[in-house]
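The task is to assemble the complex, starting from two chains supplied on their own in separate frames and drawing on the hints.
Residues per chain, in single letters:
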Amino acid sequence: MSVLTVKSSTPLCLLQDAGRFGVRHLGVTQGGALDWVSMSWANRLLNNPLDAAVIEVTLGGLNLVAEADCCLALAGADLGAMLDDRPIAPWRSFFIRKGQQLRLIRPVSGARAYLAAPGGFAAVDVLGSCATVSREGLGGLEGNGKALAEGDRLTYSGASFELHALPAHRIPDISCWRPLDVVMGAQIGQFSGVSLFDAFNSDWTLDSRADRMGMRLLGPELIYQGKPMISEGIPLGAIQVPPDGQPIILLNDRQTIGGYPRLGALTPLSLARLAQQLPGSVVRMKAVVQDVAHREQLGFMRTLQHTTQDLTL
Amino acid sequence: MNVRIEAVAIDCLMVRLFDAIDESNMPWMLAATLRLREGFGAQLIDLVPSYTTLMVHYDLLALNPTQARALITDALTDLEPDASQSGRQHVLPVWYDLSVGPELSLLSKRSGLAVDEVIRRHSQREYQVFALGFAPGFAFMGLVEEALAAPRIKTPRKRVAAGSVGIAERQTAAYPLESPGGWNILGRTPAKLFDREIDGYSLMQPGDTVRFAAVDHAEFIRLGGDDTPLEGLA
Numbered sequence: 000m001s002v003l004t005v006k007s008s009t010p011l012c013l014l015q016d017a018g019r020f021g022v023r024h025l026g027v028t029q030g031g032a033l034d035w036v037s038m039s040w041a042n043r044l045l046n047n048p049l050d051a052a053v054i055e056v057t058l059g060g061l062n063l064v065a066e067a068d069c070c071l072a073l074a075g076a077d078l079g080a081m082l083d084d085r086p087i088a089p090w091r092s093f094f095i096r097k098g099q100q101l102r103l104i105r106p107v108s109g110a111r112a113y114l115a116a117p118g119g120f121a122a123v124d125v126l127g128s129c130a131t132v133s134r135e136g137l138g139g140l141e142g143n144g145k146a147l148a149e150g151d152r153l154t155y156s157g158a159s160f161e162l163h164a165l166p167a168h169r170i171p172d173i174s175c176w177r178p179l180d181v182v183m184g185a186q187i188g189q190f191s192g193v194s195l196f197d198a199f200n201s202d203w204t205l206d207s208r209a210d211r212m213g214m215r216l217l218g219p220e221l222i223y224q225g226k227p228m229i230s231e232g233i234p235l236g237a238i239q240v241p242p243d244g245q246p247i248i249l250l251n252d253r254q255t256i257g258g259y260p261r262l263g264a265l266t267p268l269s270l271a272r273l274a275q276q277l278p279g280s281v282v283r284m285k286a287v288v289q290d291v292a293h294r295e296q297l298g299f300m301r302t303l304q305h306t307t308q309d310l311t312l
Numbered sequence: 000m001n002v003r004i005e006a007v008a009i010d011c012l013m014v015r016l017f018d019a020i021d022e023s024n025m026p027w028m029l030a031a032t033l034r035l036r037e038g039f040g041a042q043l044i045d046l047v048p049s050y051t052t053l054m055v056h057y058d059l060l061a062l063n064p065t066q067a068r069a070l071i072t073d074a075l076t077d078l079e080p081d082a083s084q085s086g087r088q089h090v091l092p093v094w095y096d097l098s099v100g101p102e103l104s105l106l107s108k109r110s111g112l113a114v115d116e117v118i119r120r121h122s123q124r125e126y127q128v129f130a131l132g133f134a135p136g137f138a139f140m141g142l143v144e145e146a147l148a149a150p151r152i153k154t155p156r157k158r159v160a161a162g163s164v165g166i167a168e169r170q171t172a173a174y175p176l177e178s179p180g181g182w183n184i185l186g187r188t189p190a191k192l193f194d195r196e197i198d199g200y201s202l203m204q205p206g207d208t209v210r211f212a213a214v215d216h217a218e219f220i221r222l223g224g225d226d227t228p229l230e231g232l233a
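Those protein sequence lines, which keep their order, are chains A and B.
First residue of the first sequence: 0, per numbering that gives the first Met the number 0; consecutive thereafter.
First residue of the second sequence: 0, per numbering that gives the first Met the number 0; consecutive thereafter.
Dumping the calculated BS3-like pairs for lysine-lysine here, alpha-carbon to alpha-carbon at most 30 Å:
no. : chain 1 : residue 1 : chain 2 : residue 2
1   : A       : K145      : A       : K97
2   : A       : K145      : B       : K157
3   : A       : K145      : A       : K6
4   : A       : K226      : B       : K153
5   : A       : K145      : B       : K191
6   : A       : K97       : A       : K6
7   : B       : K153      : B       : K191
8   : B       : K191      : B       : K157
9   : B       : K108      : B       : K153
Honestly, the hints are just simulated from the structure, not real lab data.
All of these numbers come straight from a predicted model, not from anything done at the bench.
So that you can see chain B by itself, here it is in the shape it has in the complex (with noise of 0.2 Å):
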């Protein structure tokens, strides 16, 4: 691995490990993460993981760019992957319908699988989640199998309900909050992704492992789940 730094604001600094996403890099995102925040301290304002970089947002009033630059490569000498830190395992529920999720059809129809076939094979498999954005909670998940894999929505809704869970190319997510969106929409779960009440906020942190478990309507409801079809919404 071969780690770069390059500048990329007044006060920011990206950390470039990978070229490529791969399930692989995790542990050694995580052991790097895990390393920067020690190394920096209280002079760390934000650390930002994505698939194959860590931007890091230091506190300029404490570290000129050279003395970051420096606190980096230390921090990261020597770095080994840290396959202790396998991240927690949830399983979502998820009611997989046409209500609510309306591109199950199209799904069906790109992969030439039954409805039924791509529900299974959405829910057997275990994701790995690469990183949170676009939204609090958000995780992008991965890697869905590539019979599933579709582009975005050609127009994007203004509305996705809080739950939707959907597809897009070969990654898999769920919507935390009713927000604009482009995925493939699947199914919603009633499960809470985003709360204040929950130790660490989001639900799922980079390094957790997925998977969607399909429930029928009763089910979803009892969960506390909210079934108002999603082109209602628009």
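Next comes chain A alone, as it looks inside the complex (with noise of 0.2 Å):
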């Protein structure tokens, strides 16, 4: 078995994986990694299950010491990562020794990166995954939500002694200037025909207030106007528009049901190109078909499952 030490930490480095499934209807939040592809182009770069547990770095701060020597692959944001004192670029797998220190310092370009490890990182399974979700108390390494602190040892069981590299017409384009689609919702009716204008047609601000549960929009007031619902159930990416107007997309740890209606939600593909966004960037939305956007999503789930044989160094 083979240990990383952390150093130093943030409560911003987290352990995640595809997230909790099948235990929504208890309360408990999906979680997982807010960049799913990152995560999954790291996980391929090593053979691993495209889901298996890595690490998410948002914004840097995480330092780690290699107790052996091993191989490990980054993926996602650039947050300027030194091997000792050589950089370490995204989307390859890179050989560690015994005793070398790995940082992830600040970004460079995008707001999380994705470190995995040769069959993935060791975690207690709690309700059927090791996502954190420090809120509930759930997941990351002792299963009780914590985030990555000083001290803690990261192991993992599997080898890998080749190493790849992602081939650049396969990185994905992390910057916000394409619009992110947005699958319409059952509300979508009900806004004002200028709030619709409005919403597919400004630049939205991302505010500072964001995290693992949701990011705020500012931009024009959107009104709704229809009647106050129900709560019911919230999906990934919903955008929801509280009584103030401003949207609020809500990611992976947010409440499993919300009573705020709602214009739609953003396709997954668009969600893991939100994820690298920092607050104080600019984001347009588009509209898009359910059924184009499925269609997209199987053709890109095809392009991870299949991408071995280009993965070159």
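Here's what the structure looks like:
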């Protein structure tokens, strides 16, 4: 078994996987990697299952020391990673020798980096997942919802001795110049006409009030004209509009039910891109039909599954 | 009953059964839940029930939206209310006291009832669990009688102790974990509401019925309760 020791961390360095399923009727949130695309690629680079446990590092601040020689993979944001004094670029696997230090420092581009280990990091299974949800006290290394902290020992039992890098044309675009795709929701017809125009034709600025539960958008006030709603299930990526008219995009750690009207929900691919945006970024939204979004998702899942042969170094 | 199916996300459909909260919805909701779980089988990722709706989250690798709609329609054909599933009955011991239930006096003032009478009325009624949400094992129950109904407090507390029993409008609930919260707090239960060791994880499930039983301080402590005053947590 190989070990990485945590020298320093932040409350935003979390063990994650695809999330917790089959328990939302109990009020338990989904959790899981916000940028699931980068998590999947980090795992793919090591031939892991796509949803093996990884570390999600938001904004940097993680410092690890290897207790044995091993191979790791990094994907997602460029957080200025350094292996001792050598820079490590994302979207590739790399060797780390016993005693070497890996640091993820601060955002160079993007917001969240994913670190994978051969076979996935070992963690306690809590309701089918190791996804860390601090608010619920579930998941993480010991199953109690704690973020990584100094002194934690990250273990994994797989081995990998081949280096891989994602070919340039497969590296996801983590910028947000393309609009975010929205599958329109049930209340879409109850927003004012002007609000619907504004929703899909305005620049929206990401507020600093953003966490793993949701991200708030600042822009024109959206006006809902329907009846007050009774709380109902909230899908991942739902864009809820509270009475102040400023939408909130609900993410993996959202509450399971809620009663604000919704424009619709972002597609999973758009959520992955959104997860890489920092407060102050400007995004746009575009309506997409459920069937079209579904076909695009299936196409991407095939790419993820069948890219082994072009992982080269 | 007029069932509507609405797209709400790439892989989620909202099944809308009712337009208003009502205790008589429950046998239909439970029957529909059972039918949908059977109909989707392994292709169901999550089923999120609420007061009037069931959100179906299906596996998009196995089903396209048209197929998922068809499965829902088939599953709900000739739906009959399921009165046999009456749910379990729970009795939650509650220590009603100002130190752990700071809004007891507010509710007394609002209703014009003595504190003891507020406690008696809250604990005499049998409540139905409508839905779980907000936090793991947090059960929205109702309906409390009109006289005890009260809006959420103006500024939600940053910390509400685990076990706190509260009222918001005509609903009542107990906080399974320490969390932020805006409900009017009347007391505290020592019962474990969400625990990985409980079969089904959550003590209460939709369709269950719940009664609160007033206990004194000694009994509360004997049952494992923590009597740290609520405002002391802030």
